[in-house]
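Required output: the full structure, derived from the provided sequences and hints.
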Amino acid sequence: MDKIIIEGGQTQLKGDVIIEGAKNAVLPLLAAAILPTEGQTLLENVPILSDVFTMNNVVRGLNVKVDFDEANNQVLLDATGDILDVAPYEYVSQMRASIVVLGPILARNGHAKVSMPGGCTIGSRPIDLHLKGLEAMGAKIEQAGGDITASADRLRGANIYMDFPSVGATQNLMMAATLAEGTTIIENAAREPEIVDLANLLNKMGARVIGAGTETLTIIGVDKMHGARHSVVQDRIEAGTFMVAAAMTSGNVLIRDAVWEHNRPLISKLREMGVQVTEEDEGIRVVSDVTKLKPVTVKTMPHPGFPTDMQAQFTALMAVVPGESTMIETVFENRFQHLEEMRRMGLTSEILRDTAMIHGGRRLQGAQVMSTDLRASAALILTGMVAEGRTIVGNLNHLDRGYFQFHEKLAQLGAAIQRVNGD
Numbered sequence: 060m061d062k063i064i065i066e067g068g069q070t071q072l073k074g075d076v077i078i079e080g081a082k083n084a085v086l087p088l089l090a091a092a093i094l095p096t097e098g099q100t101l102l103e104n105v106p107i108l109s110d111v112f113t114m115n116n117v118v119r120g121l122n123v124k125v126d127f128d129e130a131n132n133q134v135l136l137d138a139t140g141d142i143l144d145v146a147p148y149e150y151v152s153q154m155r156a157s158i159v160v161l162g163p164i165l166a167r168n169g170h171a172k173v174s175m176p177g178g179c180t181i182g183s184r185p186i187d188l189h190l191k192g193l194e195a196m197g198a199k200i201e202q203a204g205g206d207i208t209a210s211a212d213r214l215r216g217a218n219i220y221m222d223f224p225s226v227g228a229t230q231n232l233m234m235a236a237t238l239a240e241g242t243t244i245i246e247n248a249a250r251e252p253e254i255v256d257l258a259n260l261l262n263k264m265g266a267r268v269i270g271a272g273t274e275t276l277t278i279i280g281v282d283k284m285h286g287a288r289h290s291v292v293q294d295r296i297e298a299g300t301f302m303v304a305a306a307m308t309s310g311n312v313l314i315r316d317a318v319w320e321h322n323r324p325l326i327s328k329l330r331e332m333g334v335q336v337t338e339e340d341e342g343i344r345v346v347s348d349v350t351k352l353k354p355v356t357v358k359t360m361p362h363p364g365f366p367t368d369m370q371a372q373f374t375a376l377m378a379v380v381p382g383e384s385t386m387i388e389t390v391f392e393n394r395f396q397h398l399e400e401m402r403r404m405g406l407t408s409e410i411l412r413d414t415a416m417i418h419g420g421r422r423l424q425g426a427q428v429m430s431t432d433l434r435a436s437a438a439l440i441l442t443g444m445v446a447e448g449r450t451i452v453g454n455l456n457h458l459d460r461g462y463f464q465f466h467e468k469l470a471q472l473g474a475a476i477q478r479v480n481g482d
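Under our numbering, the letters of the sequence shown match residues 60 to 482, in that order.
For the record, the hints were derived by calculation from the structure and aren't laboratory data. This one's a predicted model, so the numbers in the text were calculated from it and none came from an experiment. Here a beta-carbon is modelled for each residue, glycine too, at the ideal position from N, C-alpha and C. Where hints are given, some of them may not hold.
[To be verified] Now the in silico label distances, taken between C-beta atoms and shown as ranges:
1) 335 x 133: 33 to 39 Å
2) 273 x 206: 30 to 36 Å
3) 137 x 272: 25 to 31 Å
4) 285 x 477: 45 to 51 Å
The structure is reproduced here in structure tokens:
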């Protein structure tokens with residue numbers, strides 16, 4: 060098993076870094092390629108991540124033709140043949156996001172069977188909002204033996220109010236509604252940039268999705284859809300991770316092609332800390348002097364609030380800022396596991412239910428640590444750059460799900476970091 064080794068304590072990141080297409084956007088885009096019965100779908104700016112390979116295998120297992128041109132970051136998909144009803148368990152079980160194929164399969168075939176999904180061990184992350192929404196559209200749902208079976212001759216438009224603005228449920232219901240009879244209105248819908256990106260692709264395919272990026276989505280059902288060409292939006296979480304990396308190493312880094320509007324909540328908190336963040340023609344520049352930063356309180360929220368996917372990385376920044384910072388996690392439970400590993404490096408913190416108190420500015424030392432989930436992997440690597448001595452980060456399968464050549468990008472910015480085979 061591979062490991063990342065960091066020689067920390069003197070790291071000061073400088074230079075510029077290129078951001079990939081968004082993992083959280085491309086997975087539902089691949090699922091959307093199930094819907095067209097005419098033409099091919101070409102996705103561009105596709106990141107080379109293990110989750111992308113897994114989702115490719117999920118849709119390929121449904122009889123969609125998939126050609127991943129890694130050299131050009133493109134995926135060509137052809138769903139004009141007969142689509143199977145049953146998603147392949149061996150791949151669905153590996154990734155929670157694979158549940159988003161349920162809506163497209165059901166909308167196209169009238170029947171779908173998908174196993175309960177796997178993925179990061181962050182809280183329970185129930186899928187009841189997906190199922191309630193599909194039931195409101197006329198689907199009959201059965202759960203047995205770890206499988207979800209949904210059936211409907213044709214879905215019907217419905218008024219759906221979501222108890223929580225779930226990103227996955229919004230994506231699933233939005234795709235299902237594109238081929239439904241009549242109009243579907245989703246209230247309290249997720250507003251993330253990845254929702255807007257999916258709506259843009261669906262509309263290129265002939266769907267009629269209105270209001271993406273707002274609390275109310277309106278989807279007017281159509282009879283059929285066709286293939287389209289679409290470029291995946293930039294990854295705001297990868298961009299945010301490098302912003303934090305620059306901030307905590309007193310760096311000066313240009314994050315190329317990062318979208319200011321998508322990162323506004325993070326930028327606001329970085330500026331509150333005292334980090335210089337400016338918008339340039341080429342992207343976002345972060346300049347920092349960690350000795351002059353001050354502690355802050357952060358509360359994760361659904362977009363446009365502070366993203367839960369930046370929580371772990373931001374707590375790493377809090378660890379080097381003198382004083383007591385507070386992180387309140389409202390989106391997922393059980394998402395402070397990385398703090399236990401950071402304590403091995405000298406972090407002092409207390410956790411009370413959904414709140415972590417970080418006592419920052421104290422000396423951190425390198426240690427051997429294990430990744431517990433995707434974003435925790437990045438947080439531990441960032442902490443290793445500022446800790447004195449050697450840090451070894453294991454269990455990198457999580458990291459590869461969401462970051463492409465993370466260690467190489469950090470090395471190009473000046474980090475003393477390498478990836479080695481641990482066997």
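Status of the hints after comparison with the structure:
The hinted window of 33 to 39 Å between residue 335 and residue 133 holds, with their beta carbons roughly 36 Å apart. Range check, residue 273 to residue 206: about 34 Å between beta-carbon atoms, so the 30 to 36 Å window is met. At roughly 30 Å, the beta carbons of residue 137 and residue 272 sit within the given window of 25 to 31 Å. One distance hint, 45 to 51 Å for the beta-carbon pair residue 285 and residue 477, holds here, with the actual separation near 47 Å.
Checked against the numbered hints listed earlier, the structure breaks none of them; every hint is satisfied.
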